[in-house]
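From just these sequences and the hints, can you work out the full model?
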Amino acid sequence: WEKGIFNKKNITDYVEQYWGDIKDFNKLNYVVNKIEPDIIFHFAAQPIVSEGYKNSKNTFETNINGTLNLFESIKNIKKNIYIIIITSDKVYKNNISNNTLDETASLGGICPYSSSKACVEIISEAYANSMQNKFIYTVRAGNVIGGGDWSENRIIPDIFRAYKNKKTLKIRNPNSVRPWSYVLDITRGYLSAAE
177 WEKGIFNKKN ITDYVEQYWG DIKDFNKLNY VVNKIEPDII FHFAAQPIVS
227 EGYKNSKNTF ETNINGTLNL FESIKNIKKN IYIIIITSDK VYKNNISNNT
277 LDETASLGGI CPYSSSKACV EIISEAYANS MQNKFIYTVR AGNVIGGGDW
327 SENRIIPDIF RAYKNKKTLK IRNPNSVRPW SYVLDITRGY LSAAE
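Residue numbers for the sequence shown follow the working numbering, so the first one is 177 and each next one is one higher.
Since the hints were made in silico from the structure, they are not lab data. Zero decoy hints are in this set.
Pairs of lysine-lysine, DSSO-like flavour, derived with a Cα cap of 30 angstroms:
(1) K346 x K233
(2) K254 x K310
(3) K199 x K233
(4) K230 x K340
(5) K310 x K203
(6) K203 x K230
(7) K251 x K199
(8) K251 x K203
(9) K343 x K230
(10) K346 x K230
(11) K251 x K210
(12) K254 x K203
(13) K203 x K233
(14) K310 x K210
(15) K210 x K255
(16) K199 x K254
(17) K269 x K346
(18) K310 x K269
(19) K230 x K199
(20) K230 x K269
(21) K199 x K310
(22) K342 x K230
(23) K269 x K199
Pairwise CB distance ranges (calculated):
(24) S306 x A281: 19 to 27 angstroms
(25) A281 x E248: 25 to 33 angstroms
(26) E248 x A317: 19 to 27 angstroms
(27) P350 x N234: 28 to 36 angstroms
(28) E371 x N329: 27 to 35 angstroms
(29) E328 x I298: 28 to 36 angstroms
(30) K255 x V353: 39 to 47 angstroms
(31) K269 x K203: 31 to 39 angstroms
(32) K254 x E328: 38 to 46 angstroms
(33) L244 x K269: 18 to 26 angstroms
(34) E328 x Y366: 21 to 29 angstroms
(35) R348 x N270: 14 to 22 angstroms
(36) F336 x S226: 16 to 24 angstroms
Owing to the predicted nature of the structure, the values given are computational and were not obtained by experimental measurement. All C-beta atoms in this analysis are idealised placements derived from N, C-alpha and C, irrespective of residue type, glycine included.
Below, the structure written as structure tokens:
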């Protein structure tokens, strides 16, 4: 990805990179078993709600089957592995009568993206209860803003694109209220969970 951090100069001095599709079990299995990691942060996903409507099949296959592939690839590694599964604040079942949700709310999902991520939570719990020496934790965040996000239909990138192209900014849902989180605060939370 042209604007991604992994294409920046000298990143390979610090990071050993393997590129592939999370849906490709054979490649994922090869890399994971070659490395035998101590900690895995599972970020691989189709993360865009609107894309989930446009390409539902790919959203389900990436988010659900990709997670299954990861779990199956670590299954036979004998050592302890800690796995932090990144899902979303969209995993909760929408309750129209109560617009406040917390970690005790029921899982659900009214769109392909949110339901696929709720499935990932359920699958993660099943594997956590069935594999020895594998410590699986799910963490949730949503509406994350910060550097490195150039996706379509994201408020900050959309603002900068409109400004750069001298176009009028179109706010998709101007009456919606969103809790924004800064990417480095979320990253600190992920690292704390791993610790």
